[in-house]
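Okay, here's what each chain looks like letter by letter:
Protein chains: 2
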Amino acid sequence: MFKARVMIKRRKTILDPQGKAVEIGAKHLGLNNIKNTRIDKLIEFDIDTNNRKAAEDEVNDYCKKLLANPIMEDYEFTLVEVS
Amino acid sequence: MFKARVMIKRRKTILDPQGKAVEIGAKHLGLNNIKNTRIDKLIEFDIDTNNRKAAEDEVNDYCKKLLANPIMEDYEFTLVEVS
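Quick mapping for you: the protein sequence lines, in order, are chains A and B.
All letters in the first sequence, in the order written, are residues 4 to 86 by my numbering.
All letters in the second sequence, in the order written, are residues 4 to 86 by my numbering.
A hint or two may mislead.
Simulated restraints, written as ranges between beta carbons of each label pair [claimed, not checked]: (1) ASN63/A / ASP51/B: 34 to 40 Å; (2) MET75/A / GLN21/B: 14 to 20 Å; (3) LYS67/A / ALA57/B: 39 to 45 Å; (4) MET4/A / MET4/B: 21 to 27 Å; (5) LYS6/B / ASP64/A: 26 to 32 Å; (6) HIS31/A / GLU84/B: 35 to 41 Å; (7) ASN63/A / LYS56/B: 37 to 43 Å; (8) ALA57/B / MET75/A: 33 to 39 Å; (9) ILE74/B / LYS38/A: 26 to 32 Å; (10) ASP51/A / SER86/B: 40 to 46 Å; (11) GLY33/A / ASN53/B: 17 to 23 Å; (12) VAL85/B / ASN54/A: 35 to 41 Å; (13) ASP51/B / ALA57/A: 42 to 48 Å.
Lysine to any residue pairs mimicking SDA-like chemistry, simulated, CA-CA at most 20 Å apart [to be verified]: (14) LYS38/A / GLU59/B; (15) LYS6/B / ASP19/A; (16) LYS15/B / GLU47/A; (17) LYS44/B / ASN39/A; (18) LYS44/A / GLY28/B; (19) LYS44/B / TYR78/A; (20) LYS23/B / ILE11/A; (21) LYS6/B / ASP43/A; (22) LYS68/A / ASN36/B; (23) LYS44/B / ASN54/A; (24) LYS38/A / ASP64/B; (25) LYS12/B / LEU69/B; (26) LYS6/A / GLY22/B; (27) LYS38/A / ARG8/B; (28) LYS67/B / GLY28/A; (29) LYS23/B / ASP64/A; (30) LYS38/B / PHE80/A; (31) LYS23/B / MET10/A.
Hints were generated in silico from the structure; no laboratory data involved.
Cβ atoms here follow ideal geometry from the backbone N, Cα and C, with glycine treated the same way.
Start from the sequences, fold in the hints, and give me the full structure.
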């Protein structure tokens, strides 16, 4: 079995309004050193196979067809084999 | 300056309906090996200080007071110094 961790991030050039909003909150709390907050998605799941290539293909399919928006987001992932 | 990456995860015992929903979608696409999908938050930001201790304190404050829900979520973070 593999454990997959996928990070899906909006492209740098695209505004992240949620990040901007919490950063305004941070300023009000006196956290003045915090800049460029971006809020993205962290997705974790198990893949029930022992073949790394098959697991990678399944992660790519899952990301491209469901998890990530190809217009505005990029994804990267790590796969860790567990017994 | 430090770059912070915070991962905020719902506790394992708490249902993640969004993860369940995309997993049903995965089954419909024929991705049958995918199990236990959890969708959480990945938050990245810069901290404009050269003092690691001050940066850590600021990340903890930011998480506890704004980013994470202490009732249902746990957070972990990494800090990388950049010039």
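Hint by hint, here is what the structure shows:
1. ASN63/A / ASP51/B: 34 to 40 Å: Given range 34 to 40 Å: holds, Cβ gap about 37 Å.
2. MET75/A / GLN21/B: 14 to 20 Å: holds (18 Å)
3. LYS67/A / ALA57/B: 39 to 45 Å: Between LYS67/A and ALA57/B, where Cβ atoms are some 41 Å apart, the hint holds.
4. MET4/A / MET4/B: 21 to 27 Å: The hinted range 21 to 27 Å is violated for MET4/A and MET4/B, with Cβ atoms some 39 Å apart.
5. LYS6/B / ASP64/A: 26 to 32 Å: Given about 31 Å between the Cβ atoms, the range holds.
6. HIS31/A / GLU84/B: 35 to 41 Å: violated (27 Å)
7. ASN63/A / LYS56/B: 37 to 43 Å: holds (41 Å)
8. ALA57/B / MET75/A: 33 to 39 Å: With Cβ atoms ~34 Å apart, the hint holds.
9. ILE74/B / LYS38/A: 26 to 32 Å: Because 28 Å falls inside the window, the suggested range holds.
10. ASP51/A / SER86/B: 40 to 46 Å: Cβ of ASP51/A to Cβ of SER86/B: about 44 Å, so the range 40 to 46 Å holds.
11. GLY33/A / ASN53/B: 17 to 23 Å: With Cβ atoms ~19 Å apart, the hint holds.
12. VAL85/B / ASN54/A: 35 to 41 Å: At roughly 38 Å between Cβ atoms, ASN54/A and VAL85/B fall inside 35 to 41 Å, so the hint holds.
13. ASP51/B / ALA57/A: 42 to 48 Å: The hinted range 42 to 48 Å holds for ASP51/B and ALA57/A, with Cβ atoms some 45 Å apart.
14. LYS38/A / GLU59/B: holds (15 Å)
15. LYS6/B / ASP19/A: Holds, at roughly 17 Å.
16. LYS15/B / GLU47/A: holds (12 Å)
17. LYS44/B / ASN39/A: holds (16 Å)
18. LYS44/A / GLY28/B: holds (18 Å)
19. LYS44/B / TYR78/A: holds (14 Å)
20. LYS23/B / ILE11/A: holds (18 Å)
21. LYS6/B / ASP43/A: The hint holds at about 15 Å.
22. LYS68/A / ASN36/B: holds (15 Å)
23. LYS44/B / ASN54/A: This hinted pair is violated, its Cα atoms lying about 28 Å apart.
24. LYS38/A / ASP64/B: holds (15 Å)
25. LYS12/B / LEU69/B: holds (14 Å)
26. LYS6/A / GLY22/B: With a Cα-Cα distance of about 15 Å, the restraint between LYS6/A and GLY22/B holds, given a limit of 20 Å.
27. LYS38/A / ARG8/B: Given that 20 Å is the threshold and the Cα spacing comes to 13 Å, the pair holds.
28. LYS67/B / GLY28/A: With a Cα-Cα distance of about 12 Å, the restraint between LYS67/B and GLY28/A holds, given a limit of 20 Å.
29. LYS23/B / ASP64/A: It holds: about 17 Å lies between the C-alpha atoms, which stays within 20 Å.
30. LYS38/B / PHE80/A: Distance of about 16 Å is within 20 Å: holds.
31. LYS23/B / MET10/A: holds (18 Å)
When the structure is compared with the earlier hints, violations turn up for hints 4, 6, 23 and for no others.
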